[in-house]
Amino acid sequence: MIELSSYRRAYELGRLRDAALGTAAAAVPLLLARVLGHPLPVALSILALLMFAVLRWRGRWWDRAANVGLAMGFIPFTVPVALSVLSRVECPPYCEPICAIAGLVAGVGLGSFAREGNVAPVLAGTSLAILMGVLGCTAFGATTAVGMAGAVLVGVGFGRLRSA
Amino acid sequence: VDAASKRQLGDDLARLADGDRSAIEPAFAALRPFVTAYCRRILSDGGDAEDAAHEALLRVFANASRYDSSRDPIPWVLAFAVNACRTAKRRRLRRREDPEVDRSMNPAQQDALLERELREAVVATIDALSPTDAEALRIAMGERPSDATFRKRVSRAMARFRLAWRHDD
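Chains as they are written, first to last, in the working numbering: chain Y, 1137 to 1300; chain G, 7 to 175.
Take the hints with a grain of salt, since some may be wrong.
[Said to hold, decoys possible] Covered, in the sense of this in silico footprint (three residues per stretch, anywhere, with C-beta under 8 Å from a C-beta of chain G), are these stretches of chain Y:
(1) 1143 to 1153
(2) 1194 to 1206
[To be verified] A few chain G residues that face chain Y, going by a derived Cβ cut-off under 10 Å, partial list only:
(3) 25
(4) 30
(5) 33
These aren't lab readings, by the way, just hints derived from the structure by calculation.
A virtual CB, placed ideally from N, CA and C, is assigned to each residue, including glycine.
With the hints as extra help, turn the sequences into a complete structure.
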């Protein structure tokens, strides 16, 4: 079985390589936001990317949760980043409700995935989406970020009910 | 490789692509004899064939997460085996251990020999495909079926065309 272990290792390394490539692609919008002057907490950005990489490497439902979580998380990430970059003010008008609405939309999107997926991967996907949303909204204050996270959770519940 | 084994191998590779680790063992059990037998056909030396098969299988597993389940698993696997065999041949040429290599051969002659052996490997790969795929590839490579067969096929097709034409009238 020593021989089989070398194939196992090759398989895991291949998955790691693909997860790293996917993570590098996911890092591009974060870098772009930083270049455009949107303040992004470095530790949280690394945590989000690391989480995405681990979920991708794990595969199966975790992989799907990573993709859905990232895609939905980009909504509350991109909207406030675009707003602040375009308006060039620290907190553009209605930044709090905009973050909350973007979080709600992401949550509803995650809700339909939550219906099909197992609990643990769904939680991981939701956490990733919240983390991405926090990265976008945290510049407008901690309350805005917490409100957005709450809106994501409400959206997941609503999405689940709607697709049930 | 019969249709059922091929389907099973495709399923195992699709599970591996999805991240299902429990498919490693069945995929290995199905792939090992197939890839080893293929490498033995291409490389006459048993030791080299074992090494090339090991190398090919490592590449198959390293790339398993990229396998597209809508594709035929056999050509996908054979592509790694062909590459591993080519590398083994090249290594052997460099060591000048190949019985077919004359020590006085210059690099151009060695390249020509490698090219010929590669062509043989491609033909062996095509032979392992289904008859329809093999024929399509042979025609695409400019290897037409014999003129008599071709004329017969055209004549049969023309007969069917005439029949269809009269029915339309």
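How the hints compare with the structure:
1. With 8 residues having a beta carbon nearer than 8 Å to a beta carbon of chain G, the stretch 1143 to 1153 of chain Y meets the requirement of three or more and the stated coverage holds.
2. Counting residues of the stretch 1194 to 1206 of chain Y whose C-beta sits closer than 8 Å to any C-beta of chain G gives 5, which meets the bar of three, so the coverage hint holds.
3. Because the beta carbon of residue 25/G sits about 1 Å from the nearest beta carbon in chain Y, less than 10 Å, this interface hint is met.
4. A distance limit of 10 Å between C-beta atoms decides the matter here; for residue 30/G the minimum to chain Y is near 6 Å, and the interface restraint holds.
5. Hint on residue 33/G holds. Least Cβ distance to chain Y is approximately 9 Å, under the 10 Å limit.
Of the numbered hints stated above, none is contradicted by the structure.
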